[in-house]
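Please take these sequences and the hints and turn them into a complete structure.
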Amino acid sequence: MSEAVFTAKGLTKTYVSGEVTVKALNSVDLEIAEKEVVVLLGPSGSGKTTLAMSLMGLIGSPHEVCGEINITGKDLMSLAEKDKKKLRWKTIAMVFQNSLDVLNPVIKVGQQIVEPLKEAEGLSEREASLETERLLALVGLERYWKDSFPHQLSGGMRQRVLLAMALSCNPRLLILDEPTSSLDAVTRKALFEMVHNLQEKIGFSMLVISHDLSTMKDLTEKMVVIYGGEIMESGLTGEIIEEPAHPYTRGLVNSSVQAFPYKDLWGIPGEVQAGVSGCAFAGRCTQALAGCGERKPYLEQVFANRKVACHRGGIIDLLH
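Per the working numbering, the sequence shown runs over residues 29 to 348.
Accuracy of the hints is not assured; some may be wrong.
Claimed, not checked - In silico DSS-like pairs for lysine-lysine, Cα to Cα no more than 30 Å straight-line:
1. Lys114 with Lys136
2. Lys110 with Lys146
3. Lys110 with Lys136
The set of hints was computed from the structure by calculation and includes no laboratory data.
As structure tokens, then:
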């Protein structure tokens, strides 16, 4: 069995704003093995980005966090901020979804890669410049683009620059947070194929946050479905897309244009209910029992390669 690059146990994240508190993650358990590619699936507000930012150690006071986060044997929760910063460069890196918000608009893209290389790797200006050219070539960009400003590049090219920055210090775990949300279908597919090839070549583990189910089926091995800050289902990506085991997952898959381009959108009726004591999905579930709104289900193995958090063991007509 492959070594775990990352594990989270009982991870709970609560945002605090004055007297208002919002629990964005609730007792999340997650493990990513060496060279494994995992997709985190869920709608906006489900906790995906909060989980990713937690792994990077980027959410601090006054917000509250409890549980465990372990990255390559290091306890992230116990590290000082300077040590977290080193970990972010050397061990874990993230490609954010809004490239124009992340890249400095008044600094050439090459220099934005050079500076982190000088700081994290201790390279000279010349060494960092040569390494920047290598990294740009690695992500399919000609070296002359290093002298361009972000606005002179297309959306897909900017995402490639962010990917080059993320790979600059050879991380063990790469997080992609909706990296293609603003790109057209052709550019999106090309970018994911390039990332897939790089992952196979270099061998880093990867956590992908994406709504593009059709691409995820080819790119990722494992899928984790999240709702209301809780994991509803996990298993092999292809198997979950072909045969969802949780009512919530079935609703997501059936409402995906990428998965079913010729079907009317089914959608999931109802709205997210915050602060529920039972199952987070009970208020929108078509097979909820009286006790579902009072007791939280555990994520349990229901059959080979599949875990489901459901008091009824998942979709009734599938499992019974």
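Taking the hints in turn, this is what the structure says about them:
1. Lys114 with Lys136: 24 Å, holds
2. Lys110 with Lys146: Holds. Lys110 to Lys146 sits at ~17 Å (cutoff 30 Å).
3. Lys110 with Lys136: Given that 30 Å is the threshold and the Cα spacing comes to 27 Å, the pair holds.
Hint compliance for this structure: no hint is broken.
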